[in-house]
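A.B. asks: So the sequence lines, in the order shown, correspond to chains A and B. Each residue of the first sequence is one higher than the one before, starting from 1 at the first, in our numbering. Each residue of the second sequence is one higher than the one before, starting from 1 at the first, in our numbering.
Hints may be right or wrong, so weigh each one.
Below, in silico cross-link-like pairs of lysine to any residue (SDA-like), each with a Cα-Cα straight-line distance of 25 Å or less [unchecked claim]:
#, chain 1, residue 1, chain 2, residue 2
1, B, Lys163, A, Gly103
2, B, Lys163, B, Ala53
3, B, Lys163, B, Asp270
4, A, Lys209, A, Thr346
5, A, Lys163, B, Ala166
6, A, Lys163, A, Asp133
7, B, Lys163, A, Lys209
8, A, Lys230, A, Asp137
9, B, Lys209, A, Gly13
10, A, Lys163, B, Ser32
Since the hints were derived computationally from the structure, they do not count as laboratory data. Keep in mind that this is a model prediction, so the values were computed, not measured.
The primary structure of each chain is shown beneath.
Protein chains: 2
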Amino acid sequence: MRPQDLIRIKRDGGELSAEVIGEFIAGVSSGSIPDYQAAALLMAVFLRGLTEAELSAWAEAMLRSGRVLDLSAVPGRKVDKHSTGGVGDKVSLCLAPLCAACGVPVPMISGRGLGHTGGTLDKLEAIPGFRTDLSVDAFIRTVGEAGLALIGQTSDLAPADRKLYALRDVTATVESIPLIASSIMSKKLAEGIDALVLDVKVGSGAFMKDLERARELAETLCGIGRRAGKQVTAFLTDMNQPLGREVGNANETREAIDILRGGGPDDLLDLTLQLGAEMLILGGVSNDLDDALERIRKARRSGTGLERFRRCVELQGGDPRVVDDPAGRLPRALHQHAVTVQGAGTVAAIDAEQIGVAAMLLGAGRRSVEDRIDHAVGLTMCVRLGDELRTGAPLAILHYNDESRRAAAEAAVRSAFRLGPGPVTPPPLVYEILH
Amino acid sequence: MRPQDLIRIKRDGGELSAEVIGEFIAGVSSGSIPDYQAAALLMAVFLRGLTEAELSAWAEAMLRSGRVLDLSAVPGRKVDKHSTGGVGDKVSLCLAPLCAACGVPVPMISGRGLGHTGGTLDKLEAIPGFRTDLSVDAFIRTVGEAGLALIGQTSDLAPADRKLYALRDVTATVESIPLIASSIMSKKLAEGIDALVLDVKVGSGAFMKDLERARELAETLCGIGRRAGKQVTAFLTDMNQPLGREVGNANETREAIDILRGGGPDDLLDLTLQLGAEMLILGGVSNDLDDALERIRKARRSGTGLERFRRCVELQGGDPRVVDDPAGRLPRALHQHAVTVQGAGTVAAIDAEQIGVAAMLLGAGRRSVEDRIDHAVGLTMCVRLGDELRTGAPLAILHYNDESRRAAAEAAVRSAFRLGPGPVTPPPLVYEILH
Chain A
1 MRPQDLIRIK RDGGELSAEV IGEFIAGVSS GSIPDYQAAA LLMAVFLRGL TEAELSAWAE
61 AMLRSGRVLD LSAVPGRKVD KHSTGGVGDK VSLCLAPLCA ACGVPVPMIS GRGLGHTGGT
121 LDKLEAIPGF RTDLSVDAFI RTVGEAGLAL IGQTSDLAPA DRKLYALRDV TATVESIPLI
181 ASSIMSKKLA EGIDALVLDV KVGSGAFMKD LERARELAET LCGIGRRAGK QVTAFLTDMN
241 QPLGREVGNA NETREAIDIL RGGGPDDLLD LTLQLGAEML ILGGVSNDLD DALERIRKAR
301 RSGTGLERFR RCVELQGGDP RVVDDPAGRL PRALHQHAVT VQGAGTVAAI DAEQIGVAAM
361 LLGAGRRSVE DRIDHAVGLT MCVRLGDELR TGAPLAILHY NDESRRAAAE AAVRSAFRLG
421 PGPVTPPPLV YEILH
Chain B
1 MRPQDLIRIK RDGGELSAEV IGEFIAGVSS GSIPDYQAAA LLMAVFLRGL TEAELSAWAE
61 AMLRSGRVLD LSAVPGRKVD KHSTGGVGDK VSLCLAPLCA ACGVPVPMIS GRGLGHTGGT
121 LDKLEAIPGF RTDLSVDAFI RTVGEAGLAL IGQTSDLAPA DRKLYALRDV TATVESIPLI
181 ASSIMSKKLA EGIDALVLDV KVGSGAFMKD LERARELAET LCGIGRRAGK QVTAFLTDMN
241 QPLGREVGNA NETREAIDIL RGGGPDDLLD LTLQLGAEML ILGGVSNDLD DALERIRKAR
301 RSGTGLERFR RCVELQGGDP RVVDDPAGRL PRALHQHAVT VQGAGTVAAI DAEQIGVAAM
361 LLGAGRRSVE DRIDHAVGLT MCVRLGDELR TGAPLAILHY NDESRRAAAE AAVRSAFRLG
421 PGPVTPPPLV YEILH
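With the hints as extra help, turn the sequences into a complete structure.
C.D. replies: Here it is in structure tokens:
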């Protein structure tokens, strides 16, 4: 079928066959179909949507544009977790070692931060020497030896997705649930996993601001995964305030290590336990939730999770001493500055996106993909939703190296908080779980 | 504004400012905005539409991408006619000389045929030596001397339209009323005319198959023209059968000359008179319809229309003897073949598009823009809607040079006719006139 005939079908709301979608994605990937035809189809898909069958074919075609990893050499059911992105979300760093310690191998291929959201790779690269660009063979070896490995997208996994994503970015076709879902799932299915836990964030710091859209995305993701023969569980979790206290790279890694060492903030621990327990169930090492939770807790208490993380850092070229002395071994910013509240009241709302923007403005994140980041900078949140504040109380501590960046970040932090008169009930951490 | 931000506004159903549209069209024209962003916007416009203000800004921006002709050296109000395209539509060739003879200069820039529709330029080029690629100066001089000139689109008129049209063709964004209308009007407004008569064809051989869509297109075209300060009248006319008897190039030109010589078929004459009378009114040489019709009839009777055509042919490099001996001077096909009816009955419907396709299959038209055409070939229609046919009566005569092309054309002609039992009321020639 000529590309324009395929575009016409989708333009008019029709359904494309798997064969036709396969040809199109292969053509985009090889370059035989020019970008302008791909762009027209992306806009038609944005406005007309994809049916379930089209979604599966689309994700499958992107998956097949590259290599699919074979992790059969690693014993056990391999389970990954994917978050749709938020502010302060360092759960992967806590979760993967704990699951590995409980016998569930976690082959995790992650992304970098862009805009207000952070990226797992950036956080890990705050560890001196840590390499996220392992070869596929080294990745598989690391999963086998440490029980986990955390790397970046390699160029041979779902290359069509990379090409289409770059095009979506400049054609205003990013915010489409079918396109987002097939992009995520094509990469996750290429990891060669058996099961997947999804953390779909909802709220002011998330991509999805309301529960309904988040649920639609979660259901779409689950559908693609299940039709591809994988077990998938999706959690809809709160992102109306940063997760944990730290936002940045070195400070988030430090906070994640704190969790593995038995400390850390309650919300981060709670989410780690819940997602981790589900991974143990999907991984087949536990049959019920209480048992699974207890196994994760035990891996934390006993330090076996921390040891897995140490081994992973070591195998990936990083300085393993960070697990014993994170404060001393991770980079630190030169300056600290407390942003204090003007007036008094109860924290009624936090625009978590603005908190992420503040971190980006300090240098912790990227405005565009080619920006360099400063691993040492970020901020520490001092308050949470529902807290009562007196005049002059600190809202957040900025950690920065460049004085010229402070004012804009401070303004962003200040603009993120809305105080109210009365008691405020904080949102639940987990809204729904879709099995 | 970044192109992706502008695309986003249209994608979400918002309205673009004239300034932003101007920047975009200029960017497409200069190449600073890549094709893939243009393609995404075209699809968003296809699915979301354009408001009146956006339409005007879009057409104006395409107009401004090139040169606007200055015809002030030619006295009088300049009036053009544009048809949206049909089968056997040679009205321009009859009309322009008659209007010129009545004192209304007609600067006509036309297109070539594609698919089942013929093009005025192709018909004229059947005249030995006739050149449709005059320079702008020669074009203006010819309008001044002959009262009419008939040329092709020059590369400096609305170049953005040419670029966008090529992109629409391969991105399934052709059949959009706002995009069609702004494309037509940008080229017509670039001619430097004072007024325009539109012939929007409706029916089986037209681009618009139903009256409602045709009316929408007519209203859209009129709106753009009027907001640009031009007088515009639109006729909605029937295209449920070919106009006149001849379909092809040399034979259509011959039929048009017949009209100028006092002969020709009734329907072609009638439409020529009606459209021509309106041009005289818009051109300010007549105040009422009866007077205008009489002037056109007189120009035909007296042969002054024919003389204008002769002068135009001469000035454009063609052999002026065609006007005295069209049958002898225009190319003729080697073979004739009558397609006869199987069975008997009344002609209840004609798929005029299939008649156009039959002519194209004989070599009179183009399947794609790079195809060469044979000016000598085509077909002569023997029946019209409502005619009663006996078994074996001829439906059409094929004129062809290449025997291998006959069978497919014959099948197309045969498939175009539907016979019924009873009396059939033929459709009116003119459905509506929008002033």
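A.B. asks: Let me make sure I understand: some of the numbered hints might not hold for this structure. Which ones are they, in numerical order?
C.D. replies: Hints 1, 3, 7 contradicted; others consistent.
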